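Asks: Sequence:
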Amino acid sequence: MEINNTPVYAGTSGYNYEDWKGTFAPRETDNYDLLTHYKASNLNFLELTYTFYRMPIAEKIAGICDRLGDIKLSIRLNKSLMRKKPDKLEIESFKEGIAPALERGTAVALLADFHHLFSASRENFDILLELKENFKDLPLFIELTNSTWHKEKYYDEFKANQIGICVIDGPSFRGFAPYRPVCSNGGVYFRLYGHDPLWISGSEKFLNYDYSESELKRFIDDARDVSVMAKNIFFSFCNVENGYAPKNAIALKNMIENL
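First residue of the sequence shown: 647, per the numbering used here; consecutive thereafter.
Just so you know, these hints were derived from the structure itself, not from any lab.
Quick caveat, the model's predicted, so the values are computed rather than measured.
The beta carbon of each residue, even a glycine, is placed where N, CA and C say it ideally should be.
Any given hint could turn out to be false.
[To be verified] Here are the simulated DSS-like pairs of lysine-lysine, each with C-alpha atoms no more than 25 Å apart in a straight line:
hint	residue 1	residue 2
1	Lys706	Lys782
2	Lys741	Lys725
3	Lys805	Lys725
4	Lys741	Lys797
5	Lys778	Lys805
6	Lys782	Lys730
7	Lys667	Lys730
8	Lys877	Lys782
9	Lys730	Lys805
10	Lys741	Lys877
11	Lys863	Lys734
12	Lys797	Lys778
13	Lys863	Lys877
[Unchecked claim] Label pairs and their calculated CB-CB ranges:
hint	residue 1	residue 2	range
14	Asp802	Asp712	38 to 46 Å
15	Val874	Asn677	37 to 45 Å
16	Ser765	Glu903	33 to 41 Å
Sequences are here, hints too, so could you generate the full structure?
Replies: Structure representation (structure tokens):
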């Protein structure tokens, strides 16, 4: 799947959600088979999210890769690594855990999504630089929902240091990051949360939102605009409640394939 000869990957943020049973997958689907159903959907991308909470184990990652086939992975960094001077043993443990995904060519990106309270400062920017230094084997994309980061001086530094900044579509409360398609490390990474009216602060996310066809078309148009600068374009649907994420990802994929 391509836009202007640039490879495009579309999928969801995670796959193991109870309310996907009866919406995206048959109601009787067990948790193990949710991944099987995901593969059958013909999406070509998946954000692996459990690695944020638990260190990956190589055997499990290898099994996931085998079950995914040709689907590519973005792997979410463990939260213990997203702080100043993370433990070197934990860094090595994470790298060893995801090694099968790199060896198979399944992993195509790393994702570090920071809490909304993580605001712009020189000290915090140094944390991002350290992350980039610690993880050089894959393109690194950072999600920064705090609006203080979204200024030209930081964008210039992101580009200079080849740090990918996620394009975020989400709520419009004061202090939340603006929607701004940008390519700062040779890739463009959309994370699409939707606009659930209950999401009014940075303390709790609400992800019950179904994108319209016109909204999906806008994302495609924006991807086309930045495709001339990008080696890859990723779409991760994070509106995971009620099976909307896979529904919208499949719709977007079909729209791109019919361009």
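Asks: State for each hint whether it applies.
Replies: Cross-check of the supplied hints:
Pair hint Lys706 plus Lys782 holds up; C-alpha atoms about 23 Å apart against a cutoff of 25 Å. Our distance criterion of 25 Å between C-alpha atoms is met by Lys741 and Lys725, whose separation comes to about 14 Å. Taken as a hint, the Lys805 and Lys725 pair is honoured in the structure, with Cα atoms around 24 Å apart against an allowance of 25 Å. Under the criterion of a C-alpha separation no larger than 25 Å, the hint pairing Lys741 with Lys797 is inconsistent with the structure, at around 32 Å.
Simply put, Lys778 and Lys805 have alpha-carbon atoms about 12 Å apart, close enough for the 25 Å limit, and the pair holds. Our distance criterion of 25 Å between C-alpha atoms is met by Lys782 and Lys730, whose separation comes to about 17 Å. Between Lys667 and Lys730, the direct Cα distance comes to roughly 39 Å. Violation of the 25 Å bound is thereby established for this hinted pair. Among the hinted pairs, Lys877 with Lys782 is consistent with the structure: their alpha-carbon atoms are about 17 Å apart, no more than 25 Å.
For the proposed pair Lys730 and Lys805, the alpha carbon gap of about 21 Å is at most 25 Å, so the pair holds. The suggested pairing of Lys741 with Lys877 holds, with an alpha-carbon distance near 24 Å, which does not exceed 25 Å. Taking the CA atoms of Lys863 and Lys734, the gap is about 43 Å. The hint is violated against a cut of 25 Å. At roughly 20 Å between alpha-carbon atoms, Lys797 and Lys778 fall within 25 Å of each other, so this suggested pair holds.
For the hint linking Lys863 to Lys877, the alpha-carbon distance of about 21 Å falls within 25 Å, and the restraint holds. With their beta carbons about 42 Å apart, Asp802 and Asp712 fall inside the hinted range of 38 to 46 Å. For Val874 and Asn677, the hinted distance range of 37 to 45 Å is satisfied, since their beta carbons lie about 41 Å from each other. Taken as a hint, the range 33 to 41 Å holds for the pair Ser765 and Glu903, whose Cβ atoms sit roughly 40 Å apart.
Hints 4, 7 and 11 from the list above are not met by this structure, while the remaining hints are.
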